[in-house]
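Full structure from sequences and hints, please.
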Amino acid sequence: KAGVTQTPRYLIKTRGQQVTLSCSPISGHRSVSWYQQTPGQGLQFLFEYFSETQRNKGNFPGRFSGRQFSNSRSEMNVSTLELGDSALYLCASSPGQGTPDGYGYTFGSGTRLTVV
Amino acid sequence: GQQVMQIPQYQHVQEGEDFTTYCNSSTTLSNIQWYKQRPGGHPVFLIQLVKSGEVKKQKRLTFQFGEAKKNSSLHITATQTTDVGTYFCAGGSQGNLIFGKGTKLSVKP
Numbered sequence: 047k048a049g050v051t052q053t054p055r056y057l058i059k060t061r062g063q064q065v066t067l068s069c070s071p072i073s074g075h076r077s078v079s080w081y082q083q084t085p086g087q088g089l090q091f092l093f094e095y096f097s098e099t100q101r102n103k104g105n106f107p108g109r110f111s112g113r114q115f116s117n118s119r120s121e122m123n124v125s126t127l128e129l130g131d132s133a134l135y136l137c138a139s140s141p142g143q144g145t146p147d148g149y150g151y152t153f154g155s156g157t158r159l160t161v162v
Numbered sequence: 086g087q088q089v090m091q092i093p094q095y096q097h098v099q100e101g102e103d104f105t106t107y108c109n110s111s112t113t114l115s116n117i118q119w120y121k122q123r124p125g126g127h128p129v130f131l132i133q134l135v136k137s138g139e140v141k142k143q144k145r146l147t148f149q150f151g152e153a154k155k156n157s158s159l160h161i162t163a164t165q166t167t168d169v170g171t172y173f174c175a176g177g178s179q180g181n182l183i184f185g186k187g188t189k190l191s192v193k194p
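From first to last, the protein sequence lines are chains A and B.
Residues in the first sequence are numbered from 47 upward in steps of one, following this note's numbering.
Residues in the second sequence are numbered from 86 upward in steps of one, following this note's numbering.
These are computed hints drawn from the structure, not numbers from a lab.
Being a predicted model, the structure only gives us computed values, none of them experimental.
Do not take every clue at face value.
[Unchecked claim] Heads up, simulated SDA-like pairs for lysine to any residue below, C-alpha to C-alpha not over 20 Å straight-line:
#1 Lys121(B) - Tyr149(A)
#2 Lys189(B) - Lys103(A)
#3 Lys189(B) - Gln90(A)
#4 Lys186(B) - Phe106(A)
#5 Lys144(B) - Thr167(B)
#6 Lys193(B) - Gly101(B)
#7 Lys103(A) - Lys186(B)
#8 Lys189(B) - Gln87(A)
#9 Lys189(B) - Gly126(B)
#10 Lys136(B) - Glu152(B)
[As the list claims (entries may be wrong)] What follows is a set of in silico ranges between Cβ atoms, one per label pair, in the way DEER data are often shown:
#11 Arg145(B) - Pro141(A): 25 to 33 Å
#12 Asn123(A) - Gly101(B): 43 to 51 Å
#13 Ile58(A) - Gln99(B): 34 to 42 Å
#14 Val135(B) - Tyr56(A): 31 to 39 Å
[Stated by the list, open to error] Derived, one-sided and incomplete: chain B residues facing chain A with beta-carbon distance under 10 Å:
#15 Leu131
#16 Thr171
#17 Lys186
Note that beta-carbon positions come from the ideal geometry of N, C-alpha and C, so glycine has one too.
Right, dumping it as structure tokens:
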């Protein structure tokens with residue numbers, strides 16, 4: 047079956063712009079989580095969506111937002127981009143909320159965002 | 086807030102040597118997961134431990150979950166060049182999965 051699909055793979059934006067990233071989870075998976083990965087901070091949790099509802103949120107400013115659609119596809123949006131937002135943004139899907147019954151997250155290949 | 090600390094940050098070994106990475110949480114965890122990220126790749130799920138004192142093996146990899154469910158370790162026996170990558174632990178608590186910063190393993194042939 048198809049894996050987790052993230053688009054676009056690479057993105058270059060200018061400070062002050064906004065960006066929308068997309069994630070299509072594995073078919074049948076209802077939970078999507080987003081992580082920001084940087085060399086210095088590792089994987090930092092942004093938010094988790096389950097059945098179109100945000101279940102958990104990490105410690106990121108309000109410029110970071112997301113949503114999930116009825117087909118479980120998810121988008122995250124970053125407004126007023128800052129240089130420090132440059133990172134690899136990873137989306138992970140799982141069958142249910144969190145990681146139930148021994149299922150780990152299946153990660154997408156990520157979107158590498160560069161803010162200049 | 087909840088933190089998951091992982092050490093060491095880097096480990097360089099000669100092929101054939103053993104390798105261990107350790108993970109410690111500031112709070113009791115409901116489960117611990119381990120992931121491997123190859124250079125240029127994305128994290129790939131390896132295993133989940135749930136029970137206190139649990140030990141699981143996958144070929145040359147041995148995973149342990151501490152009795153207090155606050156620490157865990159991953160041990161690789163006789164490393165190979167294919168083991169290169171960053172190993173992350175991730176602690177599950179209250180519906181969240183918090184990742185450690187990872188241990189980057191390099192293996193010299």
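Verification of the supplied hints:
1. Lys121(B) - Tyr149(A): holds (15 Å)
2. Lys189(B) - Lys103(A): Cα-Cα ~27 Å, so violated.
3. Lys189(B) - Gln90(A): holds (17 Å)
4. Lys186(B) - Phe106(A): Answer holds: Lys186(B) to Phe106(A) is near 17 Å, not above 20 Å.
5. Lys144(B) - Thr167(B): Given pair Lys144(B), Thr167(B) holds - Cα atoms ~13 Å apart, limit 20 Å.
6. Lys193(B) - Gly101(B): holds (9 Å)
7. Lys103(A) - Lys186(B): holds (19 Å)
8. Lys189(B) - Gln87(A): holds (14 Å)
9. Lys189(B) - Gly126(B): Between Lys189(B) and Gly126(B) the Cα gap is close to 13 Å, so the pair holds against 20 Å.
10. Lys136(B) - Glu152(B): holds (8 Å)
11. Arg145(B) - Pro141(A): 25 to 33 Å: holds (29 Å)
12. Asn123(A) - Gly101(B): 43 to 51 Å: holds (48 Å)
13. Ile58(A) - Gln99(B): 34 to 42 Å: holds (40 Å)
14. Val135(B) - Tyr56(A): 31 to 39 Å: holds (37 Å)
15. Leu131: Cβ of Leu131(B) sits 8 Å from chain A, so the hint holds.
16. Thr171: Interface hint status for Thr171(B): holds (9 Å vs cutoff 10 Å).
17. Lys186: This interface hint holds because 4 Å falls under the 10 Å limit.
In this structure, only the earlier hint numbered 2 is contradicted, and the remaining ones agree with it.
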